[in-house]
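Residue numbers (the working numbering), protein chains in the order written: chain A, 1 to 257; chain B, 1 to 334; chain C, 1 to 291.
Worth flagging that the hints you see were computed from the coordinates, not collected in a lab.
For clarity, every value in this text was computed on a predicted model and none was experimentally measured.
All residues carry an ideal CB built from backbone N, CA and C; glycine is no exception.
Incorrect hints may appear among the rest.
Once the Cα atoms are required to be at most 20 Å apart in a straight line, the calculated DMTMM-like pairs of lysine to aspartate or glutamate come out as [to be verified]:
#1 Lys-109(A) with Glu-212(B)
#2 Lys-109(A) with Asp-121(A)
#3 Lys-77(A) with Glu-212(B)
#4 Lys-10(A) with Asp-56(A)
#5 Lys-59(A) with Asp-121(A)
#6 Lys-84(B) with Glu-212(B)
#7 Lys-138(B) with Glu-226(C)
#8 Lys-109(A) with Asp-120(A)
#9 Lys-63(A) with Asp-120(A)
#10 Lys-329(B) with Asp-206(A)
#11 Lys-10(A) with Glu-28(A)
#12 Lys-166(A) with Asp-215(A)
#13 Lys-332(B) with Glu-28(A)
#14 Lys-329(B) with Glu-28(A)
#15 Lys-212(A) with Asp-187(A)
#16 Lys-10(A) with Asp-92(A)
#17 Lys-236(A) with Asp-206(A)
#18 Lys-77(A) with Asp-146(A)
Computed, partial: chain B to chain A, Cβ under 7 Å [said to hold, decoys possible]:
#19 Arg-115
#20 Ile-119
#21 Pro-221
Just the calculated beta-carbon pair ranges, DEER-fashion [claimed, not checked]:
#22 Gly-197(A) with Leu-315(B): 35 to 43 Å
#23 Tyr-12(A) with Phe-330(B): 55 to 63 Å
#24 Arg-33(C) with Arg-194(A): 52 to 60 Å
#25 Ile-3(C) with Lys-84(B): 35 to 43 Å
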Amino acid sequence: MNLLETINLKKYFGDTRAVDNVNLSIAEREFVSLVGPNGAGKTSLVNVISALLPSDSGKILFKGDDITQASVTERVKAGIARSFQIVNLFDDLTAFDNVTLAIFSRQGKTTNLVALAHLDDAVSAEADAVLHNFNLADKRNERARDLSQGERKLLDVALAYALRPKLLFLDEPTSGVSTRDKGQIMDTIASVVRGEGITAVIVEHDMDVVFKYSDRIVVMQQGAILAQGTPDEIRKNEQVAMVLLGTSGPDAFTRKD
Amino acid sequence: MQDKSARTGPSTRLIVACAIPILILLLAMPRFLDVYQIQLFTYGLIYAIAALGFNLLLGYTGLLSFGHSAYFGLGAYSAAFLVKYFGVGSIEIYILVGLFITGLISAAFGYVCVRHTRIFFGILTLALSQVLWTLAYKFFWVTGGTDGLRVAFANLTLLGGLIDFKGRNAYQSFVQSYYYYVLLLFCVCTILMWVIVHSPFGKALQAIRDNETRAQFLGIPIRRYRWIAFLLSGSFTGLAGILWVPLNGLVTPDILYWPFSGEIVFMTVLGGFRTFTGPIIGAIVFNYLKVYAVASTAYWQFMLGAVLVVLVLALPTGIVGTLSRQFAKFRKRG
Amino acid sequence: MDILVIQILNSIFYACILFLIAAGLSLIYGVMRIVNLAHGSLYALGAYVTAWAIGTLAAGAPLWVLFLLLPLGAIVVAAAGALIEPTLLRPLYRRPEEYQLLITFALLLILEDVMHFLFGGVPLTAGAVIDSMGTMRIMNLRYPVYNLVVITIGIASAVFLWAVIYRTRFGVILRATSQNMRMASALGLNVKWVYVQAFALGCFMAGLGGAVVVPAQAAVLGMGVEALILAFVVVVIGGLGSLEGALIGALIVSFVRTAGIQFFPEIELAVLYLIAALVLLIKPTGLFGRA
Numbered sequence: 001m002n003l004l005e006t007i008n009l010k011k012y013f014g015d016t017r018a019v020d021n022v023n024l025s026i027a028e029r030e031f032v033s034l035v036g037p038n039g040a041g042k043t044s045l046v047n048v049i050s051a052l053l054p055s056d057s058g059k060i061l062f063k064g065d066d067i068t069q070a071s072v073t074e075r076v077k078a079g080i081a082r083s084f085q086i087v088n089l090f091d092d093l094t095a096f097d098n099v100t101l102a103i104f105s106r107q108g109k110t111t112n113l114v115a116l117a118h119l120d121d122a123v124s125a126e127a128d129a130v131l132h133n134f135n136l137a138d139k140r141n142e143r144a145r146d147l148s149q150g151e152r153k154l155l156d157v158a159l160a161y162a163l164r165p166k167l168l169f170l171d172e173p174t175s176g177v178s179t180r181d182k183g184q185i186m187d188t189i190a191s192v193v194r195g196e197g198i199t200a201v202i203v204e205h206d207m208d209v210v211f212k213y214s215d216r217i218v219v220m221q222q223g224a225i226l227a228q229g230t231p232d233e234i235r236k237n238e239q240v241a242m243v244l245l246g247t248s249g250p251d252a253f254t255r256k257d
Numbered sequence: 001m002q003d004k005s006a007r008t009g010p011s012t013r014l015i016v017a018c019a020i021p022i023l024i025l026l027l028a029m030p031r032f033l034d035v036y037q038i039q040l041f042t043y044g045l046i047y048a049i050a051a052l053g054f055n056l057l058l059g060y061t062g063l064l065s066f067g068h069s070a071y072f073g074l075g076a077y078s079a080a081f082l083v084k085y086f087g088v089g090s091i092e093i094y095i096l097v098g099l100f101i102t103g104l105i106s107a108a109f110g111y112v113c114v115r116h117t118r119i120f121f122g123i124l125t126l127a128l129s130q131v132l133w134t135l136a137y138k139f140f141w142v143t144g145g146t147d148g149l150r151v152a153f154a155n156l157t158l159l160g161g162l163i164d165f166k167g168r169n170a171y172q173s174f175v176q177s178y179y180y181y182v183l184l185l186f187c188v189c190t191i192l193m194w195v196i197v198h199s200p201f202g203k204a205l206q207a208i209r210d211n212e213t214r215a216q217f218l219g220i221p222i223r224r225y226r227w228i229a230f231l232l233s234g235s236f237t238g239l240a241g242i243l244w245v246p247l248n249g250l251v252t253p254d255i256l257y258w259p260f261s262g263e264i265v266f267m268t269v270l271g272g273f274r275t276f277t278g279p280i281i282g283a284i285v286f287n288y289l290k291v292y293a294v295a296s297t298a299y300w301q302f303m304l305g306a307v308l309v310v311l312v313l314a315l316p317t318g319i320v321g322t323l324s325r326q327f328a329k330f331r332k333r334g
Numbered sequence: 001m002d003i004l005v006i007q008i009l010n011s012i013f014y015a016c017i018l019f020l021i022a023a024g025l026s027l028i029y030g031v032m033r034i035v036n037l038a039h040g041s042l043y044a045l046g047a048y049v050t051a052w053a054i055g056t057l058a059a060g061a062p063l064w065v066l067f068l069l070l071p072l073g074a075i076v077v078a079a080a081g082a083l084i085e086p087t088l089l090r091p092l093y094r095r096p097e098e099y100q101l102l103i104t105f106a107l108l109l110i111l112e113d114v115m116h117f118l119f120g121g122v123p124l125t126a127g128a129v130i131d132s133m134g135t136m137r138i139m140n141l142r143y144p145v146y147n148l149v150v151i152t153i154g155i156a157s158a159v160f161l162w163a164v165i166y167r168t169r170f171g172v173i174l175r176a177t178s179q180n181m182r183m184a185s186a187l188g189l190n191v192k193w194v195y196v197q198a199f200a201l202g203c204f205m206a207g208l209g210g211a212v213v214v215p216a217q218a219a220v221l222g223m224g225v226e227a228l229i230l231a232f233v234v235v236v237i238g239g240l241g242s243l244e245g246a247l248i249g250a251l252i253v254s255f256v257r258t259a260g261i262q263f264f265p266e267i268e269l270a271v272l273y274l275i276a277a278l279v280l281l282i283k284p285t286g287l288f289g290r291a
C-alpha cells in the first residue's frame with residue numbers, strides 16, 4: 001500500500017487549473033522531488049495535500065485512510081508535516097523554544113496548564129538533539145528572527161521534522177539561500193531524512209539538487225503530471241528537458257552553457 | 001550540557017529574588033498605613049488580579065478584549081445576588097458560586113468570540129458586555145437598577161465563618177483583615193498565572209499569537225486553545241469582581257458599562273502588556289492615578305485617552321517594558 | 001395598516017442613517033484595513049456640531065439658512081478625520097494591529113469627553129428643521145416631510161458613493177490602493193494622500209449620518225458607542241469592506257430593530273446582537289464580504 005495517494009485531485013482558481021486531475025502515489029521511504037516551471041502547480045498540490053487549501057474534488061488517501069475532509073490539525077496528527085517556502089517561524093521565540101513547541105504538540109502536552117515547560121528534561125533533550133542534527137545547536141538561544149536566512153530555512157524544516165512525521169513536505173527548502181549554503185543545507189536535510197527513513201516530497205527548482213538526492217522525480221506542468229521516473233529516466237526525457245530548460249538534446253541537463 | 005540559568009532565564013531568578021522582599025513589604029504594610037490607604041491599596045491588588053486575567057488574552061494569546069467589564073461585573077453581581085436573595089455572608093461561597101457563573105458565561109461568550117479575527121473579536125466582546133449592561137439596567141426589579149445592590153461588610157465572613165466583622169472597630173478590623181485575604185488570593189493568582197504562561201499550554205498560546213498558521217501546522221488546535229484562554233481570563237477577572245464588591249459595598253450597572261472595560265485595557269497597556277508583571281504594576285499605578293485624577297477633573301476619560309495615545313505612540317512597552325529595557329542597557333554598560 | 005407603513009418608513013429612515021455610518025466604516029476598512037473604534041463618536045460629533053449650529057448658533061434663522069448648516073457637522077468631522085489620520089494612525093501602520101485598535105479606542109475616549117466639554121451634558125436638538133418642514137399625509141396619518149428628505153439623501157448618498165468608487169478616477173485609485181497598497185505605491189500613486197482622502201471621506205459619511213439624524217433625534221452623550229455597536233452589526237451582516245453589504249445590512253438591522261422595539265422592547269438590543277452572533281457563526285465574512 002502506498003503511503004500517500006491522490007485520486008483525481010483538482011483545485012481550480014477560476015480558469016486557472018492549479019491542480020488538474022492529479023494522481024500521485026508516494027511509497028514509504030521514498031525521496032521524491034516535485035519539479036516544474038513556475039505556475040506548474042507544485043506548491044498548490046502541496047498546499048492541498050497539507051490542507052492549507054481545500055480541494056475542489058478528488059480524494060487524498062493517507063495510509064489507506066481517506067483524509068480529504070480532514071482538517072490541518074487532523075492531518076498533522078495523522079503524520080503529515082510540512083515546511084514553508086516563505087519561512088514561517090515563531091520569530092520572537094528562540095530556536096530552542098520553536099522546536100520544543102513542536103515536540104510538546106506532538107506529545108499532546110500542550111494541554112498541560114500546570115506544568116512548567118522548561119522543566120521537562122526529556123523534551124529539552126530531544127529539542128537539543130534536533131537542533132544538533134540541523135547544525136543549529138549553537139543558535140539555540142537566539143531568537144528566530146535574528147538567525148541568517150539559511151539558518152531560518154533549516155529551522156523551518158527542523159520544526160516540521162520535530163513532529164516525527166511519516167510524510168514530510170518541503171516547499172523549496174533552499175530558495176532564497178546563497179549557492180554556497182544550498183549544498184550544505186540540502187546535505188543536512190537529506191542526511192536527517194534518509195537517516196530516519198522519513199518519506200519526503202520536496203518541491204525544488206534547482207535541478208542539481210534534484211538529481212543528486214531524489215529516488216524519483218515528478219515533473220508537473222500546468223497543474224498536471226507531465227512525467228515521472230528515476231533521475232536517469234528524467235534526464236533522458238526530451239519533453240521534460242523542453243519544458244524545464246527550453247531546450248533539448250541528449251545532454252541537455254548536463255551541458256553547462 | 002546547558003547551563004540551567006540559560007533555560008530558566010535570568011528573569012526567574014530575578015523574580016524570586018525580588019518577590020521575597022516585596023512580599024515582606026506587603027505583609028508589613030498595614031502597620032504603617034491608615035485605614036484609607038490600606039483600602040486603596042487593596043483596590044489596587046484587586047485590579048491587578050483583573051488585569052492579570054485580561055492579559056492572558058492580550059499579551060499571551062494576542063486577543064484584545066473590550067468587554068472584560070462583563071466578567072468583573074458578573075462576579076460582583078453574583079456575590080450581590082447571594083446576599084440579597086440567599087442572605088449568604090461567607091466570602092468563600094461568593095467565590096465558589098461567582099467563579100462558577102463567571103466561568104459559565106465566559107465559556108459561552110468565548111465560544112462565540114474566538115471564532116473571529118481580532119477586529120470582530122474586539123467588537124463582539126464589547127457588544128456582549130453591553131448586552132449584560134442592558135440587562136442589569138433594564139431588569140431593575142432583579143438587579144436593583146441604577147440604585148444597585150448592597151453588600152455590607154457587617155455580614156461578611158472570611159475563612160468559612162472564622163472571621164466576622166461585628167462589634168467594636170468593625171470597619172477598621174474589616175479593612176485590615178480583608179487586605180490580607182485579598183493579598184493571599186492575589187499571591188495565589190499570580191503564582192497560578194505564572195505557571196500557566198510558562199506551561200506548555202502557555203507556550204502554545206504564544207505560538208498562536210505569533211504565527212497562527214505555523215501553530216496550526218504543528219497540530220495545535222487554535223480555536224480550542226483560544227477558548228480555554230478566554231475561559232481562564234474571564235474567571236480571573238471574575239474573581240477580582242467578587243473580591244471587589246464587599247470592599248466597595250455596592251454594585252451598580254456602571255461596573256458593566258464599557259468605560260470600565262476601557263480602564264482594564266488601559267491599566268494593562270500602562271504597565272506593559274508584553275510582560276508578566278506589567279499588568280500588575282499598571283493596575284496598581286492606575287488605581288492611584290484614578291483616585292487623584294478623578295478628584296481634580298471631570299474629564300477623566302479625556303485624560304485616559306490622551307495618556308493612552310502617548311503610551312501607544314511613545315511607550316508601547318509600558319512602564320515595566322520601558323524600565324527593563326533601560327535596565328538592560330544599564331547593565332550592558334556596567 | 002397605516003401604522004405598518006409608518007413603521008416601514010421609519011425603518012427605512014433609520015436604515016439610511018445606519019448606511020451612512022456603516023458605509024464610512026467599510027470604506028475606511030476596505031482601503032486602509034483599519035477599523036476605527038471612534039467611528040461612532042465621529043457620528044456623534046457630526047450630530048452635536050449640526051445640532052449646535054442649528055439649534056443654538058442660528059436659532060430662529062430662516063429655514064434655508066438652517067438647511068445650509070445641516071452638512072456642517074459632516075464637514076467638521078471630515079476635517080477632523082484629515083487631521084487624525086496623519087497624526088494618530090499613520091505612525092502605526094507597520095505595527096501590530098492591537099496598536100491601531102488601542103489608539104482608535106483612545107480617540108473614542110477623547111472624543112466623548114471633548115463633546116461633553118464643548119456641548120455639555122444636555123441633549124441638543126435641531127428640531128427647528130423638522131418642524132419647519134411640516135408633515136404630509138400618508139394614508140390616514142401624517143408623516144414628517146423631513147424624514148422623507150433624509151431617505152432621499154440616503155439613497156442619493158448610496159448612488160453617489162457607488163459612482164465615486166466605480167466610475168471615477170479617484171475611485172479607481174481607491175480600489176487599486178485597497179487591493180495592493182505596495183503595488184499602487186510602486187506605480188507612483190501617493191498612497192499617503194490617498195489614505196488621508198479615504199479616511200476623510202469615511203469620516204464625512206459618519207458625520208453626515210449624525211448631521212441628518214439630529215433634527216429627528218437629539219444628540220446625547222453615549223450615542224457614539226451605541227452607533228458604533230450597531231454599525232458593527234451592520235458590517236458583520238453585510239460584510240466588512242462592501243458597499244452593497246452596508247446597504248443591505250443597514251436595512252436588515254433597521255427592520256429587525258424596529259420589529260424588536262415593537263415586540264420585545266426590553267431586549268431589542270440583545271436580539272440584534274444575537275442575530276449578529278448567528279451571522280458570524282454561519283457566514284463569518286458576512287453576506288457580501290470578501291473571504
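Okay, the hints, checked on the actual structure:
1. Lys-109(A) with Glu-212(B): 18 Å, holds
2. Lys-109(A) with Asp-121(A): Given pair Lys-109(A), Asp-121(A) holds - Cα atoms ~13 Å apart, limit 20 Å.
3. Lys-77(A) with Glu-212(B): 17 Å, holds
4. Lys-10(A) with Asp-56(A): Since the Cα atoms of Lys-10(A) and Asp-56(A) sit roughly 5 Å apart, the hinted pair holds (cutoff 20 Å).
5. Lys-59(A) with Asp-121(A): 41 Å, violated
6. Lys-84(B) with Glu-212(B): 46 Å, violated
7. Lys-138(B) with Glu-226(C): 16 Å, holds
8. Lys-109(A) with Asp-120(A): 10 Å, holds
9. Lys-63(A) with Asp-120(A): 32 Å, violated
10. Lys-329(B) with Asp-206(A): 45 Å, violated
11. Lys-10(A) with Glu-28(A): Between Lys-10(A) and Glu-28(A) the Cα gap is close to 24 Å, so the pair fails against 20 Å, i.e. violated.
12. Lys-166(A) with Asp-215(A): 17 Å, holds
13. Lys-332(B) with Glu-28(A): Answer violated: Lys-332(B) to Glu-28(A) is near 53 Å, above 20 Å.
14. Lys-329(B) with Glu-28(A): 54 Å, violated
15. Lys-212(A) with Asp-187(A): 10 Å, holds
16. Lys-10(A) with Asp-92(A): Roughly 37 Å separates the two Cα atoms, so the pair is violated.
17. Lys-236(A) with Asp-206(A): Answer holds: Lys-236(A) to Asp-206(A) is near 17 Å, not above 20 Å.
18. Lys-77(A) with Asp-146(A): 30 Å, violated
19. Arg-115: 14 Å, violated
20. Ile-119: With a minimum Cβ separation of about 22 Å from chain A (threshold 7 Å), the hint on Ile-119(B) is violated.
21. Pro-221: 5 Å, holds
22. Gly-197(A) with Leu-315(B): 35 to 43 Å: The hinted range 35 to 43 Å is violated for Gly-197(A) and Leu-315(B), with Cβ atoms some 53 Å apart.
23. Tyr-12(A) with Phe-330(B): 55 to 63 Å: 60 Å, holds
24. Arg-33(C) with Arg-194(A): 52 to 60 Å: 45 Å, violated
25. Ile-3(C) with Lys-84(B): 35 to 43 Å: With Cβ atoms ~41 Å apart, the hint holds.
Hint violations for this structure: numbers 5, 6, 9, 10, 11, 13, 14, 16, 18, 19, 20, 22, 24, all remaining hints satisfied.
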